[in-house]
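Asks: Sequence:
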Amino acid sequence: SLEAGERVATPAYSAAELSDVRGFGLFAMKPAAVALNCAEPAIRPAQAWLAAHSAGPMAVVSASLEAELMGLDSADAAAFRADAGLPDAALARVSGAVLGAADRIRFYTGNERQITAWLLPRGATALDAAGTIHSDLARGFVRVDVAPVDDVIANGGLAPLRASGRLRQEGRDSVIVDGDFLLVHFTR
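Heads up: take any position in the sequence shown, counting from 1, add 2, and you land on this note's numbering.
Please keep in mind that the hints were generated in silico from the structure rather than gathered at the bench.
The C-beta atom is built at its ideal place from N, Cα and C for all residues, glycine as well.
Fair warning: there could be bad hints in the mix.
[Claimed, not checked] Listed next, with one range per pair, are the computed distances between beta-carbon atoms:
#1 Ser166 x Ala41: 41 to 47 Å
#2 Arg124 x Arg164: 25 to 31 Å
#3 Gly25 x Ala84: 45 to 51 Å
#4 Thr189 x Gly159: 21 to 27 Å
#5 Glu172 x Gly58: 27 to 33 Å
Build out the structure end to end from the sequences listed, making use of the hints.
Replies: Quick look at the structure:
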């Protein structure tokens with residue numbers, strides 16, 4: 003119940019109960035992510051506490067540690083984060099928690115000079131992604147070439163992935179997953 007401090011969007015409420023209160027626009031129905039800033043020695047205890055007490059997406063960050071790591075190269079910064087019990091940079095963890103709470107994923111498009119990030123609802127299809135980029139792409143959709151964005155960056159583009167057979171060709175109903183890089187083929 004709300005009196006007990008439960009969020010309205012929890013499984014404790016039936017679909018009928020949620021339908022009854024949806025029109026009230028309750029803040030307690032909004033998606034929520036927890037971001038906790040703490041000192042470096044408190045990172046692991048904070049992660050354990052949040053895991054036990056938070057049902058939703060969460061991120062533990064140490065802003066002071068992140069500030070210290072700004073001057074280091076990425077490999078050294080990653081090693082320090084790993085020693086502290088942090089899997090990656092604070093921005094990635096917080097944005098991941100927020101996107102998780104909003105039930106959104108990131109997908110990417112681009113070329114050799116730039117990459118653009120786009121947002122989609124989780125479970126969206128390649129056709130939905132094409133329409134997010136531009137309605138003309140959805141209207142003339144033929145297929146989409148898909149690869150993980152990390153592979154595209156590491157290989158310097160799609161050509162090496164295509165040559166090695168690691169570029170997937172998908173149809174309009176293919177579900178896009180977080181981190182996909184897309185090249186949409188369409189007719190005019």
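Asks: Now tell me, hint by hint, if it's right for this structure.
Replies: Here is what the structure says about each hint:
Under the hint 41 to 47 Å, the C-beta atoms of Ser166 and Ala41, about 45 Å apart, fit the expected range. Between Arg124 and Arg164 the Cβ separation comes to about 28 Å, which falls inside the hinted range of 25 to 31 Å. Remark: the range hint 45 to 51 Å for Gly25 to Ala84 is upheld by a beta-carbon distance near 47 Å. For Thr189 and Gly159, the hinted distance range of 21 to 27 Å is satisfied, since their beta carbons lie about 24 Å from each other.
Glu172 and Gly58 have their C-beta atoms about 31 Å apart, which keeps the hinted 27 to 33 Å range intact.
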